[in-house]
Amino acid sequence: MKSMADNTLAFKKVSLGLVRTRLVTTRLVKAASFAVVACVLALAQSSPQIHLPQANLPEVHLDADGLTPRPIEELTGTTIARHYALAWRDLAMALESGQAGGLGEEFVGFAKDHLMKRITEQNQTGMHVRIVDHGHHLKAVFYSTDGSAMQLLDQAQLEVQTFDGNKLLDTQNVPHEYMVLMTPGADRWYVRDLEEVSAKPF
Amino acid sequence: MQRTAHHDFARCKRLAAFVLLCVLPAWARAAEVHVPAVVEAGQAFSIPVQGSGQATFYLVGPDHVVKRTVSLGSDLQIQSSDVRTAGRYQVILCDASSSCTSATFEVKAAQPAHLSFFLHPSRVPVSTRDSIDAAAFVFDQYFNLILTPAAVDFRITPASGAGFSREVSTRRGVAWMRMDSTPHEGRVQVTAALDNVEEARVIQQVAAEACGLRMKAVASGSMVTLETDPVRDCSGNALPDGTVVSFTKVDKAGKSTVDTPIKKGIARVQFGVDGRAQISVACGVVLGNEVVVNGKL
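From first to last, the protein sequence lines are chains Y and R.
Heads up, the first sequence is in our numbering, so the first residue is 1 and it goes up one at a time.
Heads up, the second sequence is in our numbering, so the first residue is 1001 and it goes up one at a time.
Incorrect hints may have been included.
Computed footprint of chain Y on chain R, listed as stretches where at least three residues anywhere in the stretch have a Cβ under 8 Å from a Cβ of chain Y [to be verified]: (1) 1048-1062; (2) 1088-1099; (3) 1138-1147; (4) 1172-1178.
Calculated from the structure, these hints are not laboratory results.
Just so it is clear, CB atoms sit at the ideal spot from N, CA and C, and this is done for glycine as well.
All chains, full assembly: derive it from the sequences and hints.
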């Protein structure tokens, strides 16, 4: 009878020990997980090599005063500015990541063909380009009467960094000016031609 | 005396340090690169590079990226296929010590080779002011938009009557003009031409609104048959068959309207009338004459 009581006591002690061990283990795992998450977040903030996808669009200001031969509707102006900003976000991401998949959302025609070719050749040579976009001043200069094409001039403030692998080759931080042709699609305005020209004020 | 000598020595040291600071970077920049400011699209050219040894050459353009090892001290050959797309190109030269120099140049469009021509609308009423718009985009053989001004000739050839032309200079690669439609219905061809490049579009001119719309009534018992004269616009062009003409009758039974299409140039309808009836005719926004039946016309 006594030995049975001893056995029960011993069993209780063992069970209590096991519970304590499990508690300690759980706390240790929790602490370790917290430390890992904290480290990853700290790395993401401090390391210049990690770039999270840009959620914010570059700033685009559209000026359509005196547009000929057709004036612009307010909604069209808003749509154009938004899709032009989306186009530059996609362009910057594609040139940096070497992935051209997202370009079809905002680019068509020559503009898309040129960018696709450039990204393919960038990947072949191991190069990539990082664009720090400080904003665009768009001036609409031609809007066809049937609404099928709009020509715009873009004065962009861009910092362009060229890399070979991880080695920074060059940084250009000068004003850029682009001649842009945009055409409407089913639900958006596409960039059809994007041609950099000599930068001069308009 | 000793103090002056010490002072001079210190000055010499500072001067030597300054000279070293000025000379060292220039000496370290072994690979100099000089590029032309502007190049025509598709034109091969060469870039002279100074220095000695091997270097890595990079060319980054709007649609083209080149990376190759080159020997310094000789000219770098840029092929015509490297500079077909207009825009800004970046040249980077990195020598064996990983010191890089860069330069940029601009590629401008070549001679006109393509016209992208829009003519709007596809159908237009005759003799309508500022109703036809033509816009032409001028491209070179590589489909770069040509931004330097060029004269585009718009040639208008109507189905009947004399043709005419209008010359418009491009502005940022686009030439556009607006014109009135001519007085006669039919096919009008508009051709945009620049040097040896031509692009033609066709527009269909149709009769404008009816003009001098008239009908006559023939009563027969309680029925009346209404028939218009041939329906024409103010230039004498017949309105096309299918154009709707509306006849409206007001009598004791109330108001009723019958829409009927023009067939073989005229519109015809038959009404039952109850006593005295007043009937009017309209085509689009144009009102015709009125008739009163069962009494006097």
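Problem set entry | Proximity test - 8 Å, beta-carbon atoms, the region 1172-1178 of chain R to chain Y, at least three hits | holds (count 5)
Exercise. Per the coverage rule (Cβ-Cβ under 8 Å, at least three residues), is the region 1048-1062 of chain R covered by chain Y?
Worked result: Three-residue rule met by the region 1048-1062 of chain R, so holds; n is 5.
For this session: Can you take a look at whether the region 1138-1147 of chain R is actually covered by chain Y? Rule is 3+ residues, C-beta closer than 8 Å.
Result: holds (count 4)
Problem set entry | 8 Å C-beta criterion, at least three residues: is the region 1088-1099 of chain R covered by chain Y | holds (count 5)
The structure fails none of the hints (numbered hints given earlier).
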